[in-house]
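Chains as they are written, first to last, in the numbering used here: chain A, -10 to 159; chain W, 2 to 250.
Treat the hints with caution; some may be incorrect.
[Stated by the list, open to error] FRET-style restraints, in silico, Cβ to Cβ:
1. A:R33 with W:F129: 53 to 61 Å
2. A:T134 with W:M2: 39 to 47 Å
3. W:G28 with A:S(-9): 42 to 50 Å
4. A:E101 with W:T46: 18 to 26 Å
5. W:A232 with A:S(-9): 32 to 40 Å
[Stated by the list, open to error] To spell it out: a stretch of chain A is covered by chain W in this simulated footprint if at least three of its residues, at any positions, have a beta carbon under 8 Å from a beta carbon of chain W; those stretches are:
6. -2 to 11
7. 49 to 58
8. 87 to 97
9. 104 to 116
10. 133 to 142
Think of the hints as simulated: they come from the structure by calculation, not from any bench.
Note that the structure is predicted; figures quoted are calculated from it, not measured.
The C-beta atom is built at its ideal place from N, Cα and C for all residues, glycine as well.
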Amino acid sequence: MSRQRFEETVLPHLDAAFNYARWLTRNDAEAEDVVQDACVRAIRFAASLRGDDARSWLFTIVRNTWYSRARGSQRAIAPLDAAGGEPADEALDPEEQLLQQQRVSRIRAAVESLPADFREVIVLRELEGLSYKEIAAVVDVPLGTVMSRLARARERLLAVLEAQRREVMP
Amino acid sequence: MTCEEVERDLDAFVDRELEAGAAAAVGAHISGCLGCRGRVDDRQTLSRLLQAAPYFAASDRLRERVTVRAARANWIGQLARWTAAAAVLIIVVGSAAALLWPRPRPADDLTADVVAAHVRSLMGEHLFDVRSSDRHTVKPWFLGKIDFAPPVVDLAALGFPLSGGRLDYLARRTVAALVYQRGGHTINVFISPADDGADTGIQSRSDRGFHVRHWTHGGMAFWAVSDLNDAELTACAEALAREASRQGS
Chain A
-10 MSRQRFEETV
0 LPHLDAAFNY
10 ARWLTRNDAE
20 AEDVVQDACV
30 RAIRFAASLR
40 GDDARSWLFT
50 IVRNTWYSRA
60 RGSQRAIAPL
70 DAAGGEPADE
80 ALDPEEQLLQ
90 QQRVSRIRAA
100 VESLPADFRE
110 VIVLRELEGL
120 SYKEIAAVVD
130 VPLGTVMSRL
140 ARARERLLAV
150 LEAQRREVMP
Chain W
2 MTCEEVERDL
12 DAFVDRELEA
22 GAAAAVGAHI
32 SGCLGCRGRV
42 DDRQTLSRLL
52 QAAPYFAASD
62 RLRERVTVRA
72 ARANWIGQLA
82 RWTAAAAVLI
92 IVVGSAAALL
102 WPRPRPADDL
112 TADVVAAHVR
122 SLMGEHLFDV
132 RSSDRHTVKP
142 WFLGKIDFAP
152 PVVDLAALGF
162 PLSGGRLDYL
172 ARRTVAALVY
182 QRGGHTINVF
192 ISPADDGADT
202 GIQSRSDRGF
212 HVRHWTHGGM
222 AFWAVSDLND
232 AELTACAEAL
242 AREASRQGS
């Protein structure tokens, strides 16, 4: 892959690649290492990029890179970063804003504590907006598996929301 | 459609992954079922909350690192591809060259001295005592300064213009040094009376990346030295030897 092609196909999706890697690793430094390795692999495997869906292709490489690194070491189990600093919704009054921030923090922590299989389908669907078919390709599982993982992941997250709702309004 | 059937398709409905017909059926059920409507709302709330969480964007530092690594990997990849081909080529050309090429003799003390004198002349400011492209100016300059008359020939027509001369010191004796140019390269030609008078052909030597040509003719020993490529220095030496012998005869 020429440098120009790398800049055209990979660099535009670097944020997405990092976001995905960050949710997989739950650690900034490790996510950076994963993305860096993935980019080197992307160049080596440039021939495997079919069509123009460079983003899904890059996700697949990021995922494989993370998996092979996680197998090679125990570093995949990284401490959770402290959640916080979420932007407040300006349309809400201060009390509502605080509540909203708490809910966002709580849900983010809930996603981080999901098993990796569930976590990644949530991230790819909700944050990256991939279709079921695209997720199936990235994660390399049948469509039905994507759907069941997504449904179960949402059930868990909704349970967290429900618990929080009950705390606020007993 | 029952609530159970709808619940099975709830995620696909929210994610707009249902076919048009199925989506319409779920939509119709939801409009009349508070329970299922609530479950759709829950999922949409969840989506909103997830998307409100900060997006982890790549840092500028990562972007830079990746670009650098990519450039390097790309280079290494190409290198690997060419290495095999290059290795074969080197073996073939190398074996042919070893068999066919006149091998320069290893550097001896005199060759090292010649190269050292050449380097000294380029590094210091003493390349010329007489600066002229006219051999009728350069040749008389040596008269009275040394006890021999070095042949001074003009090779401008052959692409090696004379640019001057000086006295130098080589192998514990004073020698005449003629300076020729070829492109950006300087050729020093050292001339002194030969120790024994027999004429020799042109011999090739190398030291530290400099090439040296040595020959003896008409009682004079010549050393031509330059960083010029082998072939051109040989051409220069051949022209010098030819013109000098013509002048001497």
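Hint check:
For the pair A:R33 and W:F129, the supplied restraint of 53 to 61 Å holds, since their beta-carbon distance comes to about 57 Å. A hinted range of 39 to 47 Å is violated for the C-beta pair A:T134 and W:M2, which are about 25 Å apart. At roughly 49 Å, the beta carbons of W:G28 and A:S(-9) sit within the given window of 42 to 50 Å. A hinted range of 18 to 26 Å for the beta carbons of A:E101 and W:T46 is consistent with their spacing of about 19 Å.
For W:A232 and A:S(-9), the Cβ-Cβ distance of about 36 Å falls inside the hinted range of 32 to 40 Å, so the restraint holds. Figure legend: the stretch -2 to 11 of chain A, annotated as covered by chain W; annotation consistent (8 residues with Cβ-Cβ distances under 8 Å, at least 3 required). Three residues within the 8 Å Cβ limit are the bar, and the stretch 49 to 58 of chain A against chain W gives 0, so the coverage statement is violated. Requiring three or more residues with a Cβ within less than 8 Å of a Cβ of chain W, the coverage given for the stretch 87 to 97 of chain A holds, as 5 such residues are present.
Remark: the stretch 104 to 116 of chain A is confirmed as covered by chain W, as 4 of its residues place a Cβ nearer than 8 Å to a Cβ of that chain, reaching the required three. Coverage of a stretch by a chain is defined here by at least three residues with a beta carbon nearer than 8 Å to that chain's beta carbons; for the stretch 133 to 142 of chain A and chain W the count is 3, and the condition holds.
When the structure is compared with the earlier hints, violations turn up for hints 2, 7 and for no others.
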